[in-house]
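Peer 1: Each chain is listed here by its residues.
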Amino acid sequence: MKKQFMMPLIIFGLLVVLLVVGLMKAQYIRDVPSPLIGKPVPQFSLPTVGQQPQTFSSEELKGEVSLVNIWASWCVSCRAEHEILNHAAKLGIKIYGINYKDEIADARHWLQTRGDPYLKSAHDLDGRIGIDWGVYGVPETFVIDKKGMIRYKHTGPVYIDDLENKIIPLIKQLEAE
Amino acid sequence: MNVIMKNHLSVRFVSYIVLCFFCLVSLQLQAGPRGAPKEPIVFQDQQVEDDYLELSEELRCLVCQNQNLIDSNAELADDLRREVAKMLKKGQSKEQVKDFMVDRYGDFVLYNPPFKAQTILLWAGPFVLMFWALFAMLRKIKANKTENNGDSSELSEQEKEKLQAILRNK
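Residue numbers (the numbering used here), protein chains in the order written: chain A, 20 to 196; chain B, 146 to 315.
It is worth saying that the hints were derived from the structure and are not from the lab.
Among the clues, some could well be false.
In silico SDA-like links for lysine to any residue, alpha-carbon gap of 25 Å or less [as the list claims (entries may be wrong)]:
| no. | chain 1 | residue 1 | chain 2 | residue 2 |
| --- | --- | --- | --- | --- |
| 1 | B | K183 | B | V273 |
| 2 | B | K261 | A | I186 |
| 3 | A | K172 | B | V193 |
| 4 | B | K287 | A | Q23 |
| 5 | A | K44 | B | D252 |
| 6 | A | K109 | A | V36 |
Predicted, not measured: the structure shown is a model, and the values here were computed from it.
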């Protein structure tokens, strides 16, 4: 009789635990695990957003550990992130950009007014290359190893905590590989 | 009193108007990607169109994660619909389109998740729960039966006397 009485209470307790864990994890649930991790970067060759006609191709991502940041001038959270990227570039981190679905004039204006942390930024006007990278919410940041493999994906703006606690240690580790 | 009320009301009214104004302005300013102008998706072949509709219902929009590609108004959903249409028109099969999406966005893009080690709980979980519940129920019924086979189903001598007493009094 007593055991029967306890059963609903135990089930209720387990449910509470489940829901609390779910709520605490809720902010990460939107992050879709990328199937691209451990795979070579998707191939592309695009013009850059710079004034001089230049191309940026996936081949250039081989040889060095680098970041690839997907950004756009219309993206509000890219604003929050941009200062962090400027800071990271000053630390000597190699950052490439893919400018996603943006007017070229807007992209140039953005880089002129906010600083340009990118070695090169590809201009992906129709977002087709973004699809190959599995982009679903700008900004997104990928860590690329020396062999040109994607090793980590960060969805949403990179904050200083993400940079210092996740990305920089990973870059150091990959550089040692 | 009346003046204060009136004042209070007019403050509310003005703040309501201001709020509406800001809502309208923010709608105008809403940020979003500006790409090339979009043409409607048109099909010549009925079969291709059917495949397109079927796939767009099966594929999840990664932005509005509880909507499929057909339902979603997100910019990305539109891009992905166009990609699906383009691939199908080129003669690629539905499976090829699905593989293309899974390669880029993972199994998450499928509304119907594949049966794998990672999804075993998802697929087998309900059956495990059902069998567990069935088992628990049968055991309970059995336990009740054995309990009833004892003295509880028949009246004891004392109870019989009591019953007779009640009946006689009536």
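Peer 1: Next step is simple, just say for each hint if it's right about the structure.
Peer 2: Do the hints match the structure? See the list:
1. With a C-alpha separation of about 49 Å, the suggested pair B/K183 and B/V273 falls outside the 25 Å cut-off, and the hint is violated.
2. A C-alpha spacing of about 31 Å is found between B/K261 and A/I186, which places the hinted pair above 25 Å, so the restraint is violated.
3. Straight-line distance between C-alpha atoms of A/K172 and B/V193 comes to about 35 Å, which puts the hinted pair past the 25 Å bound.
4. Taken as a hint, the B/K287 and A/Q23 pair is honoured in the structure, with Cα atoms around 16 Å apart against an allowance of 25 Å.
5. With a C-alpha separation of about 20 Å, the suggested pairing of A/K44 with B/D252 holds against the 25 Å cut-off.
6. The suggested pairing of A/K109 with A/V36 is violated, with an alpha-carbon distance near 44 Å, which exceeds 25 Å.
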